[in-house]
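Chains as they are written, first to last, in my numbering: chain V, 1 to 62; chain S, 1 to 663.
Hints are not guaranteed to be accurate.
[Said to hold, decoys possible] Only part of the chain V face toward chain S is listed, based on derived beta-carbon distances under 8 Å:
1. VAL3
2. LEU6
3. VAL9
4. ILE13
5. ARG17
6. ASP19
7. VAL33
8. GLU40
9. ARG42
10. CYS45
11. GLN46
12. ILE49
13. GLU50
14. ASN54
15. VAL57
16. GLY58
[What the hints assert, rightly or not] Using 25 Å as the maximum straight-line C-alpha spacing, the simulated BS3-like pairs for lysine-lysine come out as follows:
17. LYS324(S) with LYS363(S)
18. LYS75(S) with LYS108(S)
19. LYS11(V) with LYS493(S)
20. LYS499(S) with LYS35(V)
21. LYS493(S) with LYS201(S)
22. LYS234(S) with LYS250(S)
23. LYS523(S) with LYS11(V)
24. LYS11(V) with LYS522(S)
25. LYS313(S) with LYS390(S)
26. LYS250(S) with LYS15(V)
27. LYS489(S) with LYS473(S)
28. LYS35(V) with LYS250(S)
29. LYS11(V) with LYS499(S)
30. LYS11(V) with LYS182(S)
31. LYS182(S) with LYS35(V)
32. LYS15(V) with LYS613(S)
33. LYS393(S) with LYS313(S)
34. LYS464(S) with LYS452(S)
35. LYS108(S) with LYS11(V)
36. LYS492(S) with LYS15(V)
37. LYS602(S) with LYS613(S)
38. LYS182(S) with LYS15(V)
39. LYS342(S) with LYS359(S)
These are computed hints drawn from the structure, not numbers from a lab. Glycine included, C-beta positions come from ideal geometry on N, C-alpha and C.
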Amino acid sequence: MGVEELLHVLKRINKERRDPVDEAILNQVMALVIKHPLDEDRTTCQTQIEEIINQRVGGNRK
Amino acid sequence: MMIERIKMHNFGPFYQDHEIIFANNGSGVHLIRGDNGQGKTSIQRAILWCLYGKVVDRKGQEIRPTSLINRAAQKEDIYQFAVIINFNHEENEWTISRKMEAKTNSDKKYIEGMQINVIKDGIPLPNPQQEIERILPFDVNRFFFFDGEMLRDYEELLDQDSHAMTILRESIEHVLGIPYLKTARDDLYEVQRRMEREISKHIRKLGGKAFEEIVDDFQSINEEIDDRKNEIKKIQHQIAILETEISDQKRRLADIQSVQKLARQRIETERGIETLEAKRDALMADIRKNASQMYKTILANTSESIIAHLQEKHDAVMAKYNEKQRLIGRADDIERAITAQKCKFCGTVLNELALQGLKSELKDLRIQIKNLTEVPEPNLEYENHLNRLKLLKDSIIDRSVFKNIETKIFEIDHKLGSENSKLVGLKEKLKGVDEEEPRELEIDIERRTNEKGRLEGRKSSEEKRLLENLDAKANLEQKMASIDQEELKVLKKRIQAVKAIAEVIDAAVCAYRDERRSDVEKKASDIFREIRTKESFSRLEINEQFGLNIITDDGTVLNRAEWRSSGEEQIVALALIGALNRCAQVRAPVFMDTPFGRLDTKHGKKVLTFLPKFSDEVVLLVTDREFRKGDENYLEGKIMSDHTVLHKGEKQGSIIVKTMGAG
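Use the sequences and the hints to build the structure in full.
Okay, here's the thing in structure tokens:
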């Protein structure tokens with residue numbers, strides 16, 4: 001049992017949506033959160049999630 | 001995480017330096033043997049203390065540092081103790097060392113002088129405690145380091161509707177990785193807020209003065225929405241606390257009400273006992289009365305022959321008496337005839353010869369009468385005796401009378417026994433009951449229910465205002481959408497993406513929880529089937545609270561109250577913990593302190609055979625009664641190290657040696 005089951009559920013839920021989101025982003029976000037699970041990590045983790053979104057959606061412009 | 005070595009210095013019963021090396025890089029089964037009180041549990045505590053800086057006793061109370069330091073060291077004025085763990089985690093070599101040092105033997109001084117270092121592949125890390133939390137969070141350690149004696153507590157807690165149950169359920173969710181999804185969702189919401197603030201800045205920049213007002217509104221509405229969401233969250237939290245308190249109090253009240261019911265039962269039982277005792281007394285009086293008449297029954301048997309004998313004697317006497325009377329009558333007749341010299345009947349004058357004959361007859365008669373003069377007169381006393389004996393015969397007491405009374409007394413005694421034991425039980429349950437408590441509880445429940453109602457009202461009004469805010473925000477978004485700028489489009493697209501991802505993750509929380517629950521149920525059932533001894537126990541069923549029921553072959557659901565055997569409860573708890581380990585997002589060794597304490601030999605063997613599958617590294621802390629000679633065979637060569645803890649006295653403390661004769 002690892003992260004696979006968690007990602008599997010996420011992918012399944014995503015596929016059931018009318019407008020599924022990019023699976024790669026889902027994976028990256030989850031990987032980040034799993035790597036940074038503590039309360040102290042939140043700010044760092046949120047910044048990195050924002051960076052991923054910026055890179056993946058609408059090009060890397062700020 | 002695979003623990004390879006533990007070093008202890010002046011920790012608990014271990015004076016100076018002691019270490020255990022778990023061979024095979026920690027992989028496999030490791031035995032730590034020792035009689036009670038030698039220091040096995042202290043080894044487990046040393047690891048937990050090294051990881052988290054605190055350790056609790058079996059009552060869940062934190063053990064103070066002054067109780068952790070070795071006593072012999074204390075006596076020598078050495079106020080320093082330490083634990084070092086070496087382990088491998090995700091293919092990196094880690095060392096955690098924790099030390100407490102003080103100038104005096106004081107809890108405060110020890111805590112002030114605590115040092116912790118975490119070294120990964122030779123490099124010290126800056127936030128050691130956080131690094132440990134990443135490897136094995138404190139909340140989940142109970143599923144890896146557990147005390148066999150406490151196994152029942154898991155199921156007991158899961159049965160309760162209390163704060164402790166909530167903490168345990170959250171720990172289970174934690175070990176299954178559910179908080180990852182919740183954290184990801186909340187992080188995305190925060191990212192969305194950041195982006196919305198960003199969009200405001202851009203709108204200001206791009207839209208010029210005309211948009212100032214809209215942007216300000218947008219900004220303040222966003223802030224209001226955040227505040228409201230926080231407020232709603234806060235109220236929800238308060239409601240949850242109140243609900244827990246109300247449910248705790250209701251349960252207490254139900255307990256007390258059942259106690260009141262018990263009090264009524266006690267009064268009824270006492271009355272019942274009084275009635276039974278009165279019945280018993282009456283029956284005993286009957287017995288005494290009948291017993292006092294028993295001599296009649298005893299005499300009755302002999303009275304028959306006495307009556308016959310007396311009758312015979314009486315008849316003989318009467319015969320003689322009657323004969324004598326007859327002879328006296330005859331003699332009188334003859335005397336009168338001699339005197340009158342004529343026949344009494346025909347009047348014929350008697351001649352000399354006839355007279356001589358009569359005189360001779362009279363003489364004989366007198367002799368005969370004389371012979372019969374010794375015969376007693378009819379005896380009235382005899383009549384009395386005879387009558388008494390006849391009456392006595394009529395008063396015989398049948399044995400069945402006693403038997404019937406005895407049966408009744410036996411039945412009453414039986415009832416009295418059961419009623420008295422019921423009364424003892426009731427009195428025990430009623431000890432220390434506060435009669436005022438139900439009323440106080442009802443008042444408290446009412447007060448809390450009112451408070452809950454008030455909070456729900458506030459929540460619903462906040463939710464209503466939140467909806468209004470969201471509508472206003474949507475209107476503003478529409479207005480802002482009129483700014484046809486590429487930059488804004490991109491930002492909006494990103495916000496939409498973040499929202500969509502957060503929605504997917506939010507929807508996955510429940511789905512993932514349900515899947516994990518059913519996965520835990522399946523794995524717990526698999527383990528249960530391996531370690532059970534009753535074949536009729538088919539599988540385990542998991543409920544919403546992660547509590548488990550046994551399901552039998554015919555589909556009967558056996559809940560905790562029906563298992564009865566504490567060994568079976570331990571088996572179920574082991575199955576649950578085993579399943580949680582298999583489903584866990586965390587990989588760590590399993591330390592089991594006295595795991596077979598409540599198990600019989602059959603269950604013990606089954607659990608032993610299963611143990612190597614529990615985790616990659618399993619450490620058993622066992623007594624010789626739990627782990628008997630030959631039990632090694634059940635582990636099929638999986639034992640990688642075998643140590644024994646021996647207490648050598650107050651001064652030397654405990655030592656750790658390789659077990660004699662171990663392979």
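task: Please write out, lowest number first, the hints stated earlier that are contradicted by the structure.
output: Per hint list: 26, 28, 32 and 35 violated.
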